[in-house]
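Enquirer: Could you put the whole structure together from the sequences, leaning on the hints where they help?
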Amino acid sequence: MTGKDSRFERALSDYTRISIALVPLGLLLQLFEVVRVRSMHPLPPGSASPIAQGFAATLIFAAGCVAVFAIPAIALLRWRPRAGRIVYRLVISVIAIASALLSAYFATALIPLGDDLFGYSISESIEAAKSSGGFGLLPIGLLVGAGVVAWLLTAWTLRLRTSVRFDRITVGGAFLIAAGVPILLPDAETFASDEHYFLALSKPLFFVESTVSYFTDRSSTDFKFAGYPLLHVSTREDVLGPFLNRAPSPPNIVVLIVEGLGSDFVGNGAQYGGFTPYLDSLTTRSLYWENFLSDQGRTFGVFPSLLASLPPARGGFMSLGANTPMHESLVSLLGKDGYETNFFTGTHAHFDMIDTFLDRQGIGRIVDQAAFPPSYKEGFTNSGGFTWGYPDDALFRRSLEVIGPATQNPRLDIYLTISSHEPFQAPGIEQLRTRFDQRLSGMRIDDRKREVYKSYRDVFSTFIYVDDAIRGFFDAYSRRADFARTIFVITGDHRIIPVPEESRISRYHVPLVIYSPLLKQARIFPAVSSHLDVTPSLVELLRNQYGLTLPDTVAWIGTGLDTSTKFRSAKSIPLMRTKSEVRDFMSGDGMLARGSAYEVDPGLVLRREKDKSRREVLKARADSILAMYAYTVRQRKILPPSAKAIAEAAQLAADEAAFQKLNLGKLTTEQLFAEAQRAGFARQFERSRVIARHVLAYDPRYHDMRALLGRTYGWERRFDDARPILESLARRAPFYREGRLAIIDLEIWSGHGAAALARTDSALRDFPGDTAFIHARPRALELLGATQK
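Numbering (this note's numbering), first residue to last: 341 to 1129.
Be aware that a few hints might be false.
Derived DSSO-like pairs: lysine-lysine, alpha-carbon spacing no greater than 30 Å straight-line [said to hold, decoys possible]:
1. LYS1006 <-> LYS950
2. LYS1001 <-> LYS977
3. LYS959 <-> LYS977
4. LYS564 <-> LYS911
5. LYS564 <-> LYS959
6. LYS959 <-> LYS906
7. LYS860 <-> LYS564
8. LYS676 <-> LYS977
9. LYS564 <-> LYS1001
10. LYS984 <-> LYS676
11. LYS984 <-> LYS959
12. LYS959 <-> LYS911
13. LYS950 <-> LYS906
14. LYS984 <-> LYS911
15. LYS911 <-> LYS950
16. LYS906 <-> LYS860
17. LYS860 <-> LYS911
18. LYS952 <-> LYS906
Keep in mind that the hints were calculated from the coordinates and are not lab data.
Expert: Structure below.
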């Protein structure tokens, strides 16, 4: 044997021996996953076979790793044996840590993590991890433990003796297995439920495959489009008018989006009902669509769908930023027609870029976590100090304070609740658990369902709280003078994730309840509709019944709520489970889900489609419609832009071009603020403003940046330019201290003593004893020629 051959054989031997550790390591991690899942969730019947397939899939993943790393690792081992062994062992340790993380995620959510990860910013991902206690000692210990075990296992396998024949067969076999991955891996179509399919998956392999697909998908279609294919003349059909008495003036519209509220938890016959009695009663006193769909699996898509009937976009429509196509929404249209428009939430309005989207609609006021006074107490805070914000009852109380007494002006009020979000720790959780136990003990259900309820005790206890909060909101609202002319629209953004889903449509199945004192009678509608149909129906109601001046040409992709009293499914609905792309689609009585085709029977029961030709027709229709949606989003061809929109787009493009010239693209938002602040202090005002406008275009709730932007104009004595910026900030965040100081300074600098004094006194009422406001008062009095008493 020559020296070169000898070095190669030694390198191959080292590689094989280290690689052997992937087998026990993978099996240990898979065992951890099964134990962890079983400790947190009841396994569905028939799980033994999928679990066994999961272990097999783990071995396939191990073989794939051996094949992928063979050439670079063996080359390094041959060139630098010692360094090669360390590097490859580190690679396996990293794989072990990543696999443990993916298994832990699956054990919590019962959904494997895939390319949906890339739809969120780093800050949003960190925030979501914090909400689950993701940075506690146990998760960190798990990851460190996985890395240590991998390092020790590879040290042990390096001591084994192998033959050249064994080494070659092992590596060659790994290549053969890797080549057969598409055939060997579980096929979603062969499983009765997603739960079984997910149990059978190798979570790291699923993540790798979906990630590769996400970053390499450059698919194009043969469909050709031109112009604005979504544009059409409104039918002007008012489907809601016949069920509502006409009010003397345009009604208030209250849109209540309840986090995680799936139809499995609400209404007669709900699979996991019994814990939302008030909402259950509303379904019997309202217009109720029992086979209603959200067209997204998480919160990211509910606002574009429900408020604007917009097509889906990869990454989520709200994240398009400067590439957002011209469109109209319920917010923008009613705002132009004299409605006061408000958005209320107890959490951060910038999550999923909700505030950015609503800003573009011209929303009049956003009240989020930053707009609650000190008298309100935030909700559950975990050991890492993270909280989602203020609980639902506080949200409703705060909103009614902000709205104030009823006036003749109509309002559009939009709510997003947050309490029914993980970690499901509503205020008074101990008492809620007791109420849950009492209700469960009186329910006539089989032992397996009782076990499911018990496994998700805090979820159902939280729903009791949310139901109570909504009851309190309606009780308070019913005492308002404008209650009699208010229409309430209640729905869920998606079905809550941890509780087991019965079918592949369950995630999208949410209730739609339209309640109003104006109702002539309650009705239940079995026909299928979706979030996409709500705004078109509300617009036509207001046009036909109240004469609002609304456009005749629209680009809604929804066709209006179906008020048939018999079950039918006659709509085409894109269903976007995650931000990555549309993978599910309903068209008429057919549905595509995870590559499988189904017939949609009454009650949204899915039955496997056996007719291959019907399946191909359904797929072709889905491809055609989704290609059109993709064209309208990518080419910004939803609506022709107005002159104002063109001017705004030009200004945005100019701002972005100016920012690009600064070469600051790699800085974080916080670093950009520091640089904008430094430039402002150095009187480099234009540089500071370019940075500020860039950040605010994507994060309009960055109050520090908006205050700085306004101050730069004040420092330059351009008071007329500073004022609208700082007044806007005061409306957005009335309890943001620096914003209040900034506008007081502006009044003083511009010589408006009376306004400065009024604002200072107002600030001292909200911030009693604050030295900055105390010191501002004599300055204001001095302008008035007075002295402080």
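Enquirer: A separate judgement is required for each hint: does it hold in the structure or not?
Expert: Here's how the hints hold up against the structure:
Our distance criterion of 30 Å between C-alpha atoms is broken by LYS1006 and LYS950, whose separation comes to about 52 Å. Distance restraint check for LYS1001 and LYS977: the Cα-Cα separation of roughly 29 Å lies within the 30 Å cut-off, and the hinted pair is therefore satisfied. Between LYS959 and LYS977 the alpha-carbon distance is near 24 Å, which keeps this suggested pair within the 30 Å criterion. Between LYS564 and LYS911, the direct Cα distance comes to roughly 23 Å. Compliance with the 30 Å bound is thereby established for this hinted pair.
For a cut-off of 30 Å, the pair hint linking LYS564 to LYS959 stands: about 18 Å separates their Cα positions. Proximity of LYS959 to LYS906 is assessed by CA-CA distance (about 27 Å); at most 30 Å being required, the pair is judged to hold. This hinted pair does not check out: LYS860 and LYS564 have alpha carbons roughly 47 Å apart, beyond 30 Å. Using a Cα cut-off of 30 Å, the hinted pair LYS676 and LYS977 holds, with the two alpha carbons roughly 22 Å apart.
For the given pair, LYS564 sits about 37 Å from LYS1001 by alpha-carbon distance, which is inconsistent with the 30 Å threshold. A C-alpha spacing of about 14 Å is found between LYS984 and LYS676, which places the hinted pair at or below 30 Å, so the restraint holds. Between LYS984 and LYS959 the CA atoms are separated by roughly 40 Å; this puts the pair beyond 30 Å, and the hint is violated. At roughly 15 Å between alpha-carbon atoms, LYS959 and LYS911 fall within 30 Å of each other, so this suggested pair holds.
Restraint check: the Cα-Cα separation between LYS950 and LYS906 comes to about 25 Å, which is no more than 30 Å; the hinted pair holds. The suggested pairing of LYS984 with LYS911 is violated, with an alpha-carbon distance near 34 Å, which exceeds 30 Å. A C-alpha spacing of about 21 Å is found between LYS911 and LYS950, which places the hinted pair at or below 30 Å, so the restraint holds. Among the hinted pairs, LYS906 with LYS860 is consistent with the structure: their alpha-carbon atoms are about 20 Å apart, no more than 30 Å.
In summary, the hint linking LYS860 to LYS911 is supported, as the alpha carbons are separated by about 27 Å, within the 30 Å threshold. Using a Cα cut-off of 30 Å, the hinted pair LYS952 and LYS906 holds, with the two alpha carbons roughly 28 Å apart.
The structure shown violates the earlier hints numbered 1, 7, 9, 11, 14.
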